[in-house]
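Visitor: From first to last, the protein sequence lines are chains A and B. All letters in the first sequence, in the order written, are residues 200 to 601 by the working numbering. All letters in the second sequence, in the order written, are residues 3 to 691 by the working numbering.
Among the hints, a few may not be true.
Here are the computed lysine-lysine pairs in the DSS-like style, where the Cα-Cα straight-line distance is at most 27 Å [stated by the list, open to error]: (1) Lys565(B) / Lys342(B); (2) Lys361(B) / Lys563(A); (3) Lys293(B) / Lys282(B); (4) Lys459(A) / Lys282(B); (5) Lys282(B) / Lys244(B); (6) Lys657(B) / Lys563(A); (7) Lys169(B) / Lys563(A); (8) Lys169(B) / Lys119(B); (9) Lys310(B) / Lys244(B); (10) Lys657(B) / Lys499(A); (11) Lys657(B) / Lys487(A); (12) Lys412(A) / Lys119(B); (13) Lys310(B) / Lys485(A); (14) Lys565(B) / Lys119(B); (15) Lys310(B) / Lys459(A).
No lab work stands behind these hints, which were simulated from the structure alone.
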Amino acid sequence: MSVPNEQMVNGYQPTSNLPSPRRVGLVDVLWTVAMLVIAGIGYVQYSESLDFYTTGTLFGTALGLGFLGWVWPATRWLVGIVAIISTYAVWQYNILGADGAIGRAALAEFQESTFLFKYFLSSTSATMWMVALYFLAIPTYFIATLARSTYGLKVGSALVWSGSVMGFVAFFSRWREGYLINLDYGHIPVSNLYEVFIVFAVFTALLYLYYEKRYNNRSLGGFVMLIIGIALAFLLWYQFDREAHVIEPLVPALNSWWMKIHVPANFVGYGTFAIAAMVGIAYLIKHKMGGDGPNDRLPKLSVMDDIQYKAIALGFAFFTIATILGAMWAAEAWGGYWSWDPKETWALIVWLNYAAWLHMRLTKGWRGPVMAWWSIGGLFITSFAFLGVNMFLSGLHSYGEL
Amino acid sequence: MTSQAQTARKRRRSLSSRLYTWLTSMNLAIALLSILAIASVIGTVLQQNQPFNDYLIEFGPFWFEVFNTLGLYDVYSVGWFVAILLFLLASTSACLIRNTPGFMRDIRSFRLNAQDKSLRAFAHSRQYESGLPAATIVERTQGLFSQLGYKARVKEREGETLVAARKGGMNRIGYVLTHLGMVVILVGGLIDSKMYLKTLNMLGVVEVETRDLPVSQVPEESHLPPGALAGFRGSVNIPEGKWGDVAFIGLKDGYVVQNLPFKIEVNDFHIEHYDTGMPKSFNSDLTLTDKETGEVIEETIRVNHPLKYKGYNIFQSSFGDGGTELEFNAWQLFGDAGTKQALEGKINQERTFDFNGEKYTLEFRDFSLFNVNPTEGPDGNRENTNFGPSVTFRLRDAAGQAIEYENYFQPVEFDGTKYFLSGVTPEVGAQQQFLFIPADRNGSLETFMGFYATLKDRDEVTRIAADLVAQTPQGGQGGAAQSAAARSIADMVGTFVEQGFSALGEQVDRQLAERDMPPEMAEQARESSFRVVQSVLMRAFMETLQAQGIEEFTDQDADFFEKALDVVTVIPNYGSPIFVAPTGFNHIQSTGLEVTRAPGMFWVYLGSLMLTVGIFMLFYIHYRRLWVLIKPAGVNDDGQPTHHRVVVAGTDARKNIDFDQAFAQFSDELMRQTGSNDQNDASTTPDKG
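So here's chain A without its partners, still in its complex pose (with noise of 0.2 Å):
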């Protein structure tokens, strides 16, 4: 070799230019620390309340926590907000319920005469803050993105950020009212059509949020708060015409610690699918106006390819995941892991159509307008597995029923 040392030493930059991939940090590990020690609180508090599958559940989300600061920190912020501000509301309660339940009346009685709780903390009215917030950010969006508006998009995600700390907030707080009214009752609110119409909007806006930080771009806001806004609308009329967001006991198949585990996952697939088939539509909508440009508005064609893949892949994974338990549920509850009942057979009909999809992307390298019209498909065929069957078909998930 010619080349002398010296000019390796100097022409060598060791210092690499290149994105270290995330490492875990001094603040990852004292995050997951942290919400392994509330958890651990929460435990010593309550363990006489706690079987083994619940205190596996309890620390399990404060791993799962742990782990979701360390991929978006942003969440830390959401955790430690919602943390507050629900622990006051459940203080409060917990003051007011001291000596046991208290009742529907007095309960309502006291979140009227109380100012924070009559139009914040309550979980009627932390509902009503979420829907306005989520239904704010749409018109926000959708006027930024027109506008190029920066500022204006920043403002967007300000808003759902703020709705869904209060979907959380009206979360916590339907939890401990329903203890309130009557021990009995009491549940985690993801038991019935009204209370998973929340956990769906809250997901699907966190999940949107995830992405949009990805990839660094807010144009899509709009097109998947709208679906959102849908799902509110409609809860608005299922609050107000049928009464829906009335706290009722469960029914005996639903008491289990199933639920807690089988319908979120359930949700995080709905949330991810909805936003597919979102990009999808502005997917569509770009294509059909020319495609890419030098001065878009929306994100290149490409990068709307891969959300609704990355999407898609991970609502598949989580669907899968929610399916499983489903079946685990069904098989303590109902005697057989698989019944082909409609509500589980709509669930497979949904996986398979997913699985399809992913099979034409990653197996033949299908792109483009096909994939999006399939993503909007998909979601058609989601939504008949979430309302569809408990409105036209009768079977064993008759819980949701309108």
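Mind docking chain B on chain A? Use the hints.
Guide: Below, chain B alone, put in the same frame as chain A:
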């Protein structure tokens, strides 16, 4: 060997290999996924495993037969559906068999034989010139690879050096796990499916029983000994205090009996309720006795908490009446009206009786302890009120026509008055209507029935009418005119009682028309006729009260009288010659248990675990390869290379945009570290296609 034989063998080989290629093709896989999805819809739209008679009524004889032939009533275990599943199983297995060895070789290989030309043809490829010695480039490339988590190998070959790197081989394991997981799940599911039982039935080993028989009378051909089926799902209803040692498995339009190696005794079934009356949990206290070992297990099962014993699972699945014992009074409404007879009955049993020469059957069908109904509370709020226990029975006449009744044990209060309720459903599917019989001061039926008996007694009514006529100014003369008047009044009362108010009106109108009166007078006469009838009814009611020792007539009694008259007019439409007033019960329930064995479950869960883990590996581990080929591009006088051409290329199995970025970043950085030295301007060579 003749050439003919050779071609034949070749053709045969090519046929099987063509079949194999087809089986492993993506098109087939997608087609199967789609067909399975579409076929699955059928069973969600058409309710499965209903009694064949229901289908016959719904579809008519022609379509019933068509659907039956296609097996749509139990579509998920019909041959063609299972065939789709088996096909999917075969296709997935074939894909696995074809791909796995290659994948396993692939993830261990570094593809060190990649050539310059092929590398430059990659979608992700760049080249540039470097003045650094090959060893330095290799060293820095390796440094970068290890920084990025790639495993790398260096190969020197004829004057050039290739550094090949890969990472994310677990992605391919993910492929194997997901598909193997599916195979395992399908196999597990098939183990537990009805396929084997159907085969046994087809071979004539087991016969389907369609009659509704006690277990002891079900012929031996329809019994399966314990262990005959690897997996099954059966159900059985056992009343409280009784035991059972079989489970019924629905098959075709009937069932087969699976004998169990243990006895299940139901000590008690009980429902816990929320304060809304909604059930909170269904519980059965069971005693399980192993027939072989004599082992006894006592356990309370409830929904979500089954009993597991030696691979058998016993679930709480439904409940019903197990033969509740009833005491009731049968009040006669016709004939000897107002008399009652205390009788006994049992749910799920019948009693026949004769009435006026007609034969009737009383079929007790159901008993319900609570009847919580939404009602309007005193402040107008929605409330839940428990109407108390009720019994549902059918009264069938000699012609086989039946009317269903639901009678309540205790009077229920509406707007301050208590009524005995009797729900009437004249035919299946019709809206239930209620008879409201007011309860008397003692909360009993006595007053009403006494009053009704008086009204039905022609002699009594005539006597009362005569008394009334005698009290009028024109009366008291006695004689034929008086008794004729009394008879005519009794006639009117009789019409009212037997046919109702409108019939009475018509009768009066008819009589007046015969007399040919001026309209004003006719109207007057009409009014006075009704008044007279009203007086007789009132008098009859007072006498009923007096007979019960009540002297004082209160507003409450006046109210009762009004309501009683309402009932009197509708009794002719009640449809039953007797009124069943239930008085006592001994509640005996039965519990519906699901008994299952699912040896395939382990495999299903194992497959599910593989599938889940595999999916995450498949989606979140990127299988990537990078190559850096260093070729001498200029040679000095000593034959030593002065500078090199560096070809960078890469692939990602997923072809996602992430890799565009990752490749650009990697090649930029590599170029920065090795490209610009004494040659300075490192740039992508424009000759790349």
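Visitor: For every hint, state whether the structure bears it out.
Guide: Each hint, compared with the structure:
1. Lys565(B) / Lys342(B): The given pair, whose Cα atoms are some 22 Å apart, holds under the 27 Å limit.
2. Lys361(B) / Lys563(A): Status violated; Cα separation ~76 Å.
3. Lys293(B) / Lys282(B): Not OK: Lys293(B) and Lys282(B) at ~34 Å, beyond 27 Å, violated.
4. Lys459(A) / Lys282(B): 18 Å, holds
5. Lys282(B) / Lys244(B): Given pair Lys282(B), Lys244(B) holds - Cα atoms ~25 Å apart, limit 27 Å.
6. Lys657(B) / Lys563(A): Judged against 27 Å, a Cα distance of about 11 Å means the pair holds.
7. Lys169(B) / Lys563(A): 22 Å, holds
8. Lys169(B) / Lys119(B): 23 Å, holds
9. Lys310(B) / Lys244(B): 20 Å, holds
10. Lys657(B) / Lys499(A): Within the cut-off at roughly 16 Å; holds.
11. Lys657(B) / Lys487(A): 24 Å, holds
12. Lys412(A) / Lys119(B): Roughly 40 Å between the alpha carbons, so the hint for Lys412(A) and Lys119(B) is violated.
13. Lys310(B) / Lys485(A): 58 Å, violated
14. Lys565(B) / Lys119(B): It is violated: about 103 Å lies between the C-alpha atoms, which goes past 27 Å.
15. Lys310(B) / Lys459(A): Status holds; Cα separation ~24 Å.
Checked against the numbered hints above, the structure breaks hints 2, 3, 12, 13 and 14 and satisfies the rest.
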